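Okay, here's what each chain looks like letter by letter:
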Amino acid sequence: MTKGWTAKRIVERCVGVVVLVFVAIGPAALTDYWVSSILTQTFLLGIAAASLIFLSAYGGMISLAQTAIFGIAGFALANLVTTDATGGQNLGWNPWLGVAGAIVIATAIALVFGALASRSLGIYFLMITLALGVIGFYFFLQVDKLSGRAGIPTIRAHAPSIVGDTSAAPERLYYVALVLAFAVYVVIRYVVRTPFGIALQGIRDEPVRMASLGYNVPVHRMLAFGLAGFFASLGGVLYAWWNDLMDPAAIDLNAIVSLLVVAVIGGLGRIEGAWLGAFAFILINNYVRDIEVPVLGGSFPTVIGFIFLAIVLVSPDGLMGLWDRVWSGGRRRGDPPEVAVDVQRSAPEASPS
Amino acid sequence: MKVGKWKFLLPLGLLVAGSAVATSGALATSAQSSEVKIAILSECKGAFGGAYEEQIGAVQAAFSQYAGAKPKNKKKPSAGITGGALGGKTIKIVGYGCGDETPALALKETRRLMEQLGGEIMIGPLSGDEGVAVANYAKAHPKQTFLNGTSGGQQTTLKVRAKNFFRYNGDGAQWNAGTGEIAYKRLGWRNAAIIMDDYSFGYTSGAGFIAEFCAWGGKISKRVFVPSPNTDYSSYVQQLPAPDKIDGYFWVVGGSGTGPSVKAFTQAFGPMDPKKVIGNLFFAFLGNDKELAPQLVGAYMGGFGTGPGLQTPAAKAYRKLATKWYPDFNPDDGFYYNWWNPAWALTTAMDKINGDLSGGHQKLWAAMPRVLNAGFGKIVLDKNRQAIQDQYPIRYVKKGGAITFEVIGLIPQVDQTFGGQFSEKTPSPSRAAPACKKAKLPWMNKIIPVKNGVPQR
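Protein chains in written order, with my numbering: chain A, 1 to 353; chain B, 1 to 457.
Derived from the structure by calculation, the hints contain no laboratory data. All of these numbers come straight from a predicted model, not from anything done at the bench. Warning: the hint list may mix true and false statements.
[Unchecked claim] The calculated lysine to aspartate or glutamate pairs, modelled on DMTMM-like cross-linking and capped at a C-alpha distance of 20 Å, are:
#1 B:Lys425 / A:Asp84
#2 B:Lys139 / A:Asp84
#3 A:Lys145 / B:Asp198
#4 B:Lys143 / A:Glu206
#5 B:Lys139 / A:Asp165
#6 B:Lys437 / B:Glu424
#7 B:Lys143 / A:Asp205
#8 B:Lys143 / A:Glu171
#9 B:Lys139 / A:Asp32
#10 B:Lys163 / A:Asp165
Based on the sequences and whatever the hints tell you, model everything.
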């Protein structure tokens, strides 16, 4: 189906260009806090959320293991490159070699995770990936040779020169994260148009039919999981540099749920939702944390909980879904209660254009 | 539903809103030189969340006493203060951080306080792993100043050694000075087991006992580690040797976990024998004394750098000042005393330099007092800006029908290295370190008895 240059598409492209221009000149106009703690974090958290949305929108798999893979990359990097940290192995590898090693390790483990989970569906897939995510957290909490609760600090001092000192010059990591976020977005848009991506969407919609046509469904799912793991590992490496500390609390159950909340707020149906959700989540976390909700008290978890509920009730396909509905005259695509399945089926990029 | 114009206005509106928020964020950090921006990082969640108000209160009480501030609410310190000046600059509390023991949240809160809210000087954090994270953050942010709250991990100052991080309290090992000698000499232990929280403070606190007990010739036959915070300790206490197979236990389970861990032990092995258990500071503080004291009369404990009930002139004078501003808090509690001291030290340093923080705070660091004649004894900072201070082992006693705890000894000027046992080259306390070995400590056989709150020098 060819959509052509509809008014919606033109507006979306215009908004995209304006946003890109804005973020490109951002460091010149914004405070260091906004550059580092809001936008850089948005880019890297968005990458992790994009890995989740990619699996959800095009593979029909809502994975709760992405946080663990994100963490594995960060912990691997921290162990490989540091030399004098108070935790970890301090192997002192070359920074670029460490980055490559971290991504390879995380992607390989993602493939193993994918192989374990690829034959299950729905709630069972969710539970298996939740278990894998929690195992990731406890592994790094308990194995003090690789982390322990205090984690591994001073990773930033062993970052490649392109990242540099992110305290003194946060804009360098900002641009690295921006470029990687954009690259992840473009790659996902490309992949879903390749034969592999189209087969993946076929498997998402009709796995039995695809199997009968000769497609190896578990292998496709496993490869998709591996690709999503690769994206998540990029986010993990960026996080390690950005936070300058990898500790298990970064991938605990709270973090697992937070990544899902980011994806749901942004919209599980469209990749752009990953960064929109991350931006909204981080803004709320930073600026409305002291709001007191009458009777229930206050703080960030209460506020984000209400927003999450509102999103699920009003627009199950997130902020991007809300946007789509504006253009479809207020009609909701799909039935709201079945967020996981219907949102995926309603994804605009679900079919090749 | 007619949505035509919204199609175009929505993205425009979002962009404008985003720009407005970004701009307000940028404006929010513009500095005013007539103010000194102070941040306080405590914990309002997790095992130590109950000490949140107390620590904020201690800092603000010191500002009230020495810098002319005034509490807005004497019952609720987090309501803030009014007035007050440090070296002529108006005190502005930019925010109160809320940690939960984890380094991830401590770092996030530190970033919020120091970068988003523009803090210049931060007092905190509370807990061991948080301290390590904040000290590393301090190292990466050399134009800000950090004064430790109560975090007591050894590596925070012995390994990280950030030049802008000052700790006016002992670490967990220093606080336990005296416990090894008490176990070996008074209680006759030769073989002990230790149960400890599985993080840097737990390790450091345990290290103090291990180093001293082993220095005398004792052996540690079992080390059990429990995650913190936790609620079910049954599987961990089952890993301990039974009471008839061991001379005693050293207990390092903290915060809200102390009571449940002791309860799990009694369910597994029967009532605890007070002669077969020594606790660290967690046995006595955070309200644990109410639950534990009735079953542990006579049991010894490590201190918290404070001398509860000490009757020296300095202690009495400190109590009088410290309770003036927030009378509900116990000034003998380390969660108060150890936060009061750095705030007090800051007031003297800022007055000395007339509030001049130019040149990257270097004048402030030079002016921070190296000797503080504090309520419970002299505090001297070593070359890593780590306190050398008097330590006071304590004991549960029954007095006039009531059960309380009292100081039983004074160990003057305990340093972080334990007379060379720990150094920047020795491994940081961990599940395996320190090893148990016979050694010589500076205070062996030199514990000064304290009777009725008076040191018998």
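Tested hints:
| no. | hint | verdict |
| --- | --- | --- |
| 1 | B:Lys425 / A:Asp84 | holds (11 Å) |
| 2 | B:Lys139 / A:Asp84 | holds (14 Å) |
| 3 | A:Lys145 / B:Asp198 | holds (13 Å) |
| 4 | B:Lys143 / A:Glu206 | violated (59 Å) |
| 5 | B:Lys139 / A:Asp165 | holds (12 Å) |
| 6 | B:Lys437 / B:Glu424 | holds (19 Å) |
| 7 | B:Lys143 / A:Asp205 | violated (56 Å) |
| 8 | B:Lys143 / A:Glu171 | holds (19 Å) |
| 9 | B:Lys139 / A:Asp32 | holds (18 Å) |
| 10 | B:Lys163 / A:Asp165 | holds (18 Å) |
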